[in-house]
Amino acid sequence: MQVPRIQIQQGFSRLALETTKGQWSIEQPRPSLNLHQEPGKLEMERSRPTLEIDARKAWSALGKAKFDEFTDRVSQSSLESSMQNVAEIAQAGDRMMAFHQPGNAFAEIARQNALKDRPIQFMGPPDYDNVDVTFTPGSLNMNYLPGGVSADPVIRKPVVDYYPGKVNPYLIQKNFIFMTATNRHLDEVV
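Residue numbers (our numbering): 19 to 208.
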C-alpha cells in the first residue's frame with residue numbers, strides 16, 4: 019500500500035527597491051563691495067602778477083609832462099636861472115669896479131646881456147632809460163586734500179536647497195506555499 023505523501027514547496031517574497039538619489043542645489047549670490055570714493059580736492063590760490071610801466075620821465079623828456087610836473091620844472095628852472103643871474107650880476111659888478119683895467123666894461127656887459135640866451139628848462143633830461151618797467155610776479159599757493167575710499171561690503175549667504183531622493187519598493191515575487199499530494203488516492207481509508 020502506498021502511503022500518500024505530501025510535498026510542500028515554499029517560496030519567499032522577493033522585494034525590489036527603486037531609488038532616486040537626492041540632489042543638492044547650492045547657489046552663491048555675488049557679494050557687493052559698495053565702494054564709495056570721495057574725490058580729492060586741489061585748491062589753488064594765486065595772486066595776480068603786476069606790471070608797472072612808469073613813462074613819466076619819457077613824456078617829460080618829450081615836453082609832454084603833467085601840468086604839476088611842468089610847473090615844478092619851470093619854477094625850479096626859474097630859480098636856477100635867477101640864481102645864475104644874481105651870480106652874473108655880481109661878476110658884472112666886480113668887472114665894473116675894476117675900472118683900472120682897460121676897455122669899456124659897461125659896453126661889454128650890455129653886449130653880452132643883449133646876445134645871451136636864457137632858456138627855461140621845461141623838458142626833462144633825455145635818456146635811453148626814461149621808461150621804468152617793474153614786474154612783480156604773482157604767487158601760487160596749492161593745497162591738496164586727499165580723498166578717500168570707503169568699502170561697505172555686503173556678503174550674501176549661499177542658498178542651499180535639498181531635494182530628497184525617493185525610495186519606491188515593489189514586490190517582484192509574492193511568498194507562496196504549495197502543497198501537493200504525490201499519491202492519487204487520498205480519499206482511501208487505510
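Source of the hints: derived by calculation from the structure; they are not laboratory data.
Quantities reported herein were computed from a predicted structural model and do not represent experimental measurements.
Check each hint, because a few of them may be wrong.
[Stated by the list, open to error] Estimated spans, in silico, between C-beta atoms of each pair:
#1 Gly81 to Pro120: 41 to 49 Å
#2 Lys84 to Glu56: 33 to 41 Å
#3 Ile24 to Lys184: 38 to 46 Å
#4 Gly81 to Lys59: 51 to 59 Å
#5 Pro120 to Lys84: 51 to 59 Å
#6 Asp170 to Met62: 27 to 35 Å
#7 Tyr181 to Asn52: 31 to 39 Å
#8 Thr37 to Phe194: 21 to 29 Å
#9 Leu51 to Lys184: 17 to 25 Å
#10 Gln119 to Gly81: 41 to 49 Å
#11 Glu98 to Pro155: 36 to 44 Å
#12 Asp72 to Ser99: 50 to 58 Å
#13 Gln102 to Lys82: 24 to 32 Å
#14 Pro164 to Asn52: 15 to 23 Å
[Unchecked claim] Pairs of lysine to aspartate or glutamate residues, derived as DMTMM-like cross-links and limited to a Cα-Cα distance of at most 20 Å, are as follows:
#15 Lys39 to Asp147
#16 Lys192 to Glu36
#17 Lys175 to Glu45
#18 Lys75 to Glu87
#19 Lys75 to Glu56
Even glycine gets a Cβ: it sits at the ideal position worked out from N, Cα and C.
So which of those numbered hints doesn't the model satisfy? Result: hints 2, 9, 12, 15, 19 break, sorted rising.
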